[in-house]
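Novice: The residues making up each chain are set out below.
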Amino acid sequence: MQSPFNGIRRVALTAAVILAAATAAYGHHGWSWTQDGFFELRGKITAIYIGNPHATLDVDAEGEVWRVDLAPPSRTIAAGFTEEVAKVGDEVTAIGHRSRDETEKWMKASRIIVNGKTYDVYPDRVPPA
Amino acid sequence: MDELLAGIEQLVLVRALKASFVAYPIVNALHIMSIGALLTSVWLMDLRVLGAFCSLPYAAFVALMRRTAFAAFAGALVTGSLLFSVRASEYAAMPIFLTKMTLILLAGANFLVFMRVCRARGVEVPAGGVVTVLAVLSLVLWTSVLFAGRFIGFLN
Chain A
1 MQSPFNGIRR
11 VALTAAVILA
21 AATAAYGHHG
31 WSWTQDGFFE
41 LRGKITAIYI
51 GNPHATLDVD
61 AEGEVWRVDL
71 APPSRTIAAG
81 FTEEVAKVGD
91 EVTAIGHRSR
101 DETEKWMKAS
111 RIIVNGKTYD
121 VYPDRVPPA
Chain B
1 MDELLAGIEQ
11 LVLVRALKAS
21 FVAYPIVNAL
31 HIMSIGALLT
41 SVWLMDLRVL
51 GAFCSLPYAA
61 FVALMRRTAF
71 AAFAGALVTG
81 SLLFSVRASE
91 YAAMPIFLTK
101 MTLILLAGAN
111 FLVFMRVCRA
121 RGVEVPAGGV
131 VTVLAVLSLV
141 LWTSVLFAGR
151 FIGFLN
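Protein chains in written order, with full-length UniProt numbering: chain A, 1 to 129; chain B, 1 to 156.
A couple of the hints might just be wrong.
Claimed, not checked - A few chain B residues that face chain A, going by a derived Cβ cut-off under 10 Å, partial list only:
hint, residue
1, R15
2, L17
3, K18
4, A19
5, Y24
6, N28
7, F70
8, A71
9, A72
10, T79
11, G80
12, L83
13, R87
14, F154
In case anyone wonders, no lab produced these hints; they're calculated from the structure. Glycine included, every Cβ here is placed at the ideal spot set by N, Cα and C.
Excised from the complex, chain B in its bound form (with noise of 0.2 Å):
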């Protein structure tokens, strides 16, 4: 594992964006934008489902947003793997990174878990109990995982 993280900062792309004056701050600004973007459709899509908005088509809407969040997510991870590749050992060793990455894959769960729940009712606005835990579910831990993010830039 060590050998793979200190392989990683020593790839030539990796090594450039290490020394670089202005690669360097746009992809963290591409990060954040990602992040924003995915951030943003979270909320108006978790809000939708929990029945905020309902002048909105809900299939429509939800549709639109998941888009938007996947497009997000890929560009987040994009440029999060490149920030992270400068000092891979060292941001591996931070509990504040592993939390971060625990609480994506907890978020990942989550939203097959509302999918799977969605597809088994075939109900065209899904509602109820579970739905709504889920959508709270998702709330609380994609804004989490912007928290711990940030905060990877604080703790050592």
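Extracted from the complex, chain A is given alone in its bound form (with noise of 0.2 Å):
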């Protein structure tokens, strides 16, 4: 009978490779993976998701569409933001942080403001005034 030390070394080998090759590309949860600096982003909104995970609201700005994070259901509909209070085709400010991997159109907003209105989804992350 082999060793069955052999396969647990390849296999943490293995492992171990995927995560380093992972660990370069991480976003998405928290706020690691956006720059550190505010971002301010404007556009119309093409599609609207308020769920779990969490909601997002997609963006056309000058022609290329972003991903606009915001917070979980419960968090995004407590700051008041809707699916009554928006719809595609509407104007979107959102203000947060975006990828820190500059070629993704991607970002998370602790503010937006959509037709006049000013919904912090983070407030505790939002500019100082």
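Please dock the two separately framed chains into a single complex, following the hints provided.
Specialist: Here's what the structure looks like:
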């Protein structure tokens, strides 16, 4: 019987390689994947999703479609932003942080302004007044 | 295909799950529980096949682990389908999601080959080069499924 530990070592190595390859491209959860400075995006809403795991907007800004992450639905709705207050085609200003990888048209917003109303989905992370 | 995925998102149960504050985290937790049990039983089973824990009777131990793995996989399948359903078209377009599904199919195929090899040999404790390779493949594939699954939440 061959020792199982050659196999185990191989598995550990594979796992380490996957982990190393993947940490270069992490994002989405939390704010670690975004730049430190504030970022503002203006455009037209092309899609609204308010649901789990978190709400998103798709925004057309000068012909480029951006993905704007908002908060989980509980927090987004608590901030007053629901499917009733915005529709596809509305102008939106999203304020937050864009991805560190600037080739991605992707940001996470703490504040959005639609139809003259401001919704702070992450009130503790909005720019100082 | 696009219509089917959009249709899934419109199911009453799925719409409720999409908007719920409680059900979604619960389904999420049950998915984690299922994959935890699945990975644990797969690892223990494959290590036993590879010759670890020799003091435990092979047939009884492997049978228990296999039953646990099947139950856990069923749980992961149900809860995973529910998590998928809320944004079906979004996930279906993600390379990392398709990678995970492919890895699951490969792991399943690997299991079927292992069963065939064991049956063909008809011995009580299968061992040797092919069996070792299949058991290591099983560990690598199922562990990769776990990693790929976790990265669905982190890549767009």
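Novice: Let me make sure I understand: some of the numbered hints might not hold for this structure. Which ones are they, in numerical order?
Specialist: 7, 8, 9, 10 and 11
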